[in-house]
Amino acid sequence: MARVVVDVMLKPEILDPQGQAVQRALPRLGFEGISDVRQGKRFELEVEGPVDEAALARIHDLAESFLANTVIEDFVVKVEEVAGAAE
Amino acid sequence: MARVVVDVMLKPEILDPQGQAVQRALPRLGFEGISDVRQGKRFELEVEGPVDEAALARIHDLAESFLANTVIEDFVVKVEEVAGAAE
Amino acid sequence: MSRTPLDTVEHAAATPDVELPWAELGLKKDEYERVVEILGRRPTGAELAMYSVMWSEHCSYKSSKVHLRQFGEKAPHSDAMLVGIGENAGVVDVGQGYAVTFKVESHNHPSYVEPYQGAATGVGGIVRDIIAMGARPVAVVDPLRFGAADHPDTKRVLPGVVAGIGGYGNCLGLPNIGGEVVFDACYQGNPLVNAGAIGVMRHEDIHLAKASGAGNKVILYGARTGGDGIGGASILASETFDDAKPSKRPAVQVGDPFQEKLLIECTLEAFQEKLVVGIQDLGAAGLSCATSELASNGSGGMRVTLDDVPLRDSTLSPEEILMSESQERMCAVVEPEKVDRFLEICEKWDVIATVIGEVTDGDRLEIFWHGGKIVDVDPRTVAHDGPVYERPYARPDWQDALQADDANKLPRPATAEELREQVLKLVASPNQASKKWITSQYDHFVQGNTVLAQPEDSGMIRVDEETGLGVAIATDGNGRYAKLDPYTGAQLALAEAYRNVATTGAKPLAVSDCLNFGSPEDPAVMWQFAEAVRGLADGCLQLGTPVTGGNVSLYNQTGEAAIHPTPVVAVLGVIDDVARRTPVAFQEEGQLLYLLGDTSEEFGGSAWSQVIHDHLGGLPPKVDLERERLLAEILIAASRDGMIDSAHDLSDGGLIQAVVESALLGEKGARLIVPDGLDAFTFLLSESAGRAVVAVPRSEELRFTDMCGARGLPATRIGVVDGDSVEIQGAFGLSLAELREAHENTIPALLA
Amino acid sequence: MTARIGVVTFPGSLDDRDTRRAITLAGAEPVALWHKDKDLKQVDAVVLPGGFSYGDYLRAGAISRFSPVMESVIEQAKAGLPVLGICNGFQILTEAHLLPGGMLGNDHLHFICRDQKLRVENAETAWTGDYRQGQEIHIPLKNMDGRYVADEYTLDKLEAEGRVVFRYLDMNPNGSLRDIAGITNEAGNVVGLMPHPEHAVEPLIGTGRTDGLPFFTSILKKLVNA
Ligand SMILES: Nc1ncnc2c1ncn2[C@@H]1O[C@H](COP(=O)(O)OP(=O)(O)O)[C@@H](O)[C@H]1O
Ligand SMILES: [Mg+2]
Chain A
1 MARVVVDVML KPEILDPQGQ AVQRALPRLG FEGISDVRQG KRFELEVEGP
51 VDEAALARIH DLAESFLANT VIEDFVVKVE EVAGAAE
Chain B
1 MARVVVDVML KPEILDPQGQ AVQRALPRLG FEGISDVRQG KRFELEVEGP
51 VDEAALARIH DLAESFLANT VIEDFVVKVE EVAGAAE
Chain C
1 MSRTPLDTVE HAAATPDVEL PWAELGLKKD EYERVVEILG RRPTGAELAM
51 YSVMWSEHCS YKSSKVHLRQ FGEKAPHSDA MLVGIGENAG VVDVGQGYAV
101 TFKVESHNHP SYVEPYQGAA TGVGGIVRDI IAMGARPVAV VDPLRFGAAD
151 HPDTKRVLPG VVAGIGGYGN CLGLPNIGGE VVFDACYQGN PLVNAGAIGV
201 MRHEDIHLAK ASGAGNKVIL YGARTGGDGI GGASILASET FDDAKPSKRP
251 AVQVGDPFQE KLLIECTLEA FQEKLVVGIQ DLGAAGLSCA TSELASNGSG
301 GMRVTLDDVP LRDSTLSPEE ILMSESQERM CAVVEPEKVD RFLEICEKWD
351 VIATVIGEVT DGDRLEIFWH GGKIVDVDPR TVAHDGPVYE RPYARPDWQD
401 ALQADDANKL PRPATAEELR EQVLKLVASP NQASKKWITS QYDHFVQGNT
451 VLAQPEDSGM IRVDEETGLG VAIATDGNGR YAKLDPYTGA QLALAEAYRN
501 VATTGAKPLA VSDCLNFGSP EDPAVMWQFA EAVRGLADGC LQLGTPVTGG
551 NVSLYNQTGE AAIHPTPVVA VLGVIDDVAR RTPVAFQEEG QLLYLLGDTS
601 EEFGGSAWSQ VIHDHLGGLP PKVDLERERL LAEILIAASR DGMIDSAHDL
651 SDGGLIQAVV ESALLGEKGA RLIVPDGLDA FTFLLSESAG RAVVAVPRSE
701 ELRFTDMCGA RGLPATRIGV VDGDSVEIQG AFGLSLAELR EAHENTIPAL
751 LA
Chain D
1 MTARIGVVTF PGSLDDRDTR RAITLAGAEP VALWHKDKDL KQVDAVVLPG
51 GFSYGDYLRA GAISRFSPVM ESVIEQAKAG LPVLGICNGF QILTEAHLLP
101 GGMLGNDHLH FICRDQKLRV ENAETAWTGD YRQGQEIHIP LKNMDGRYVA
151 DEYTLDKLEA EGRVVFRYLD MNPNGSLRDI AGITNEAGNV VGLMPHPEHA
201 VEPLIGTGRT DGLPFFTSIL KKLVNA
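Residue numbers (the numbering used here), protein chains in the order written: chain A, 1 to 87; chain B, 1 to 87; chain C, 1 to 752; chain D, 1 to 226.
This list has only true hints and no planted wrong ones.
Within a straight-line C-alpha distance of at most 30 Å, the following computed DSSO-like cross-link-like pairs (lysine-lysine) qualify:
hint, chain 1, residue 1, chain 2, residue 2
1, A, Lys11, D, Lys157
2, C, Lys274, D, Lys36
3, B, Lys41, A, Lys41
4, D, Lys38, C, Lys348
Looking from chain D toward chain C, a few residues come up when the C-beta cut is under 8 Å (computed):
hint, residue
5, Gly12
6, Arg21
7, Phe111
8, Lys142
9, Gly206
Far from chain C, by Cβ distances over 10 Å, these chain B residues were calculated:
hint, residue
10, Ala2
11, Val8
12, Leu26
13, Leu29
14, Phe31
15, Glu32
16, Gly33
17, Ile34
18, Arg38
19, Lys41
20, Glu46
21, Val47
22, Asp52
23, Glu53
24, Leu56
25, Glu80
To be clear, the hints were calculated from the coordinates, so they are not data collected in a lab. None of these values were measured; they are calculated from a predicted model. A virtual CB, placed ideally from N, CA and C, is assigned to each residue, including glycine.
With the rest of the complex left out, here is chain A:
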């Protein structure tokens, strides 16, 4: 079994108030030197069977049609071996 990760972020030109709220809070928390914060979504999909090209292509479709709304969001699909290790 493998884990495929889909990261979805708002397109750069779209205002991200959540990211901004984080960034605005940073000085208050004593953090300097972070020039920008963006907040997006991370999906972890546990895939049964082999993660071959065909499977990845299907997940790409899934991300494009469903997990992301490409009018406002970009996405990236990545394979991540599940190394038994807890995060």
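Put chains B, C and D with the ligands on the given structure of chain A with help from the hints.
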């Protein structure tokens, strides 16, 4: 300038209604073979200056105290070189 | 994974010497011995799990029971009462064949740990109580208490709590129509998150939590069961029965309002088709509670196969499954021939439903796991025969000194200018300031029946579209008053909620309460509790409004410091035609303002003493429940007969606070005259109970004053609705713009 | 003769009953439609009501958009069937690409419930005929994800073609670009907006205004006169 990514996911034992709703919708969309979906957050921080150990330690603190709610969430901090490439 | 042999009933009988971790599960030694005595053997792990949760303070009310009995013993006769204390929620007849169920509950501690989820699941829990009675939930309310407004942790807790209440309630489609927000340093480590809900049904649809009819099926439906809220049972599971397993169980429960919305719809559809014999929601103590209560309230026994419970986490032990507090689950008892239809409805709504057992003709609750019998108990001993404590209580030795520290002797403003400044400061103080920043995060409009919502004196919901029948609800509580005198404080909370309902034109019918106190093991706290309950029970008897149910939350304290005793009282009222409701806002210039009731110098526990002097001492305002009743009758009659166009009850902050609120809401000012015999300070800021301000159209003045005169209610003409400022003749004026800024900017400035 | 107006219930729809009530009050006949049915029961128009379908999980409207009923709605909307999306319904319409742009979380990150002032910018759609061009109305707004966004090109096009139907007045409650509260498709049969006209149809209820009723009388007139 470097990008540090903080991935925040609900702890595995915590109910993830969003991930569940996504997973339940998959068969209807014609996607089979995905046994679990979890949805979390991804923060992209643009860090000014070098991302050395000290900087990472500070971001770890930030994640722990602010970006993640460690009562219910786990997080991972990763450095990601910004390769000029758009996603 | 290695597992020691299943701890079945037989195994338990054969191994009497096995040590069980009863202390870790919160049982006292004598309580554990009672369990052994009841069973005639040591309990199995699963039985121990059940007894320990069901005999906890939270589920068994062991410290409070002896006092709460007064609500039954002193209950006034009321034709309206259809279902009383003891069920999931009380049910009240509101006429035209409709019944209303309502209840308030606390989710204090979880909301401190995780504000969003704690508050959200609090709403979820109270709403399931309402559905379990057979009713469609129609509204929620949320009485809240936080630490000091400017304390940094309040900035963590409050926004999370508010977002959680909104996030859950909004998603369920329940209008939020009232509540409270109070700040006081005493709630710093112990915020109070109380949540109330109202539901409406036809009389014939009332459902009860009981399992009868041998052969009837027990159906568990809703969310899968996970390891939520089972800290204690994990000890049992990991240390005694399965050392290999990580006891990584979440202390925090996460709510899924979407799942709950589906649960509401499919339950109501099943009710409509008359498929349900008995029903129980799963709240605290999960399946332990649901199965033992259903079985003990019914005529027979019950047999349950735990293996059939759908799990979210396959590593759960049977003890954990029994104790799990996973949200959004219900348990229904259904006749065998109706099971298919019931399951069909669940499927229609995409709700998982599973037959997990059946009603038997015996009188035992038997639970099986992997073929072995792991529970065999008389369900009554679990659900109803928990320990009862007569905890010692004593009036604290500091009470006299506190009461002697008379707030009426505090320095008062010396000049009109100083009084003006103090009024402005009061109107802007966090407790008196507008709560719009909070309440605008709640949906008031959903369901399309909201007649009144915050900031009105009570929330009001239309029940019948044809006739205009409606219900109103208000919640109130004043911990400062209760600290000064818990008996009077509880009655003042009752009086205020009662008055708030009547002010909007509805007739008060019944009461629910949420009693928030410190540790019952402290005799001083126990005395506060006993006094508050006695006060509330006596008050309800006198007002003729029975207590239909409620909730007790104890141990709200940090170290030695308990919160102020905080009885929160909800009063439910009925109005024949919502078209006759009375709003707070001034409606028309030229209308005459009348002050109803008597004003005397009463500043103990007042907002003024807190805001201007940071003082708490003396006695709270006097209570005169006969006066409250008369005032209510006048307000209701005046609303019904169209004699008043707006009304506002007087409570904390006194008359000026009420007038300012009516003026700002109506965008119309007022000119006030200090009545003879009163000084401006007392007139504006005293908190005497039993009062309201009403706006009377000139054409109705005579009729209105005649009515008050005939009934013996003091009614003093104090001014007129006029202009764009609030003017106190001969003293000072404040423009609406200035007042609005003071009143509305405070909370956003603190929290946004 | 009256018109039959369908109201879809998705799991998590909240304002379906209120919308049916509003349709009745306007004198039309409401028809309940179920998300799992492709059958639109030959209604003359469809309303996608407010609520939190599928809990707003993933994105508001994202899961509902794939329901069987939406297959028919999308198909028939393209053929001219009048469709109104209110709040969550508007979100579903953008997710289904029947309307351009997308909906995001309010810029202040809170749920907001208020009586919102709007200007009617287009009184010629199937759903706004009973308003006057430029009329100012108050309609309750209540949502978490009400921020309308689209790229500049799309926004300019919407403006140029008069497809901005409602604009927020006095204050922008959620950060919507160009104060957009509602839009229509090119043909004018599909309209989506964030505020809730179905909650402004009775003088006693809610805010006490009836500024939302013309939505339902507009469509009725249009259908009956058609
Ligand atoms: N947390 C809350 N949720 C909903 N409504 C609230 C909340 N807090 C205050 N309100 C509403 O704001 C108004 C003013 O509250 P409050 O000053 O406590 O009223 P009163 O003093 O008349 O009891 C009331 O309508 C009350 O229901
Ligand atoms: Mg009041």
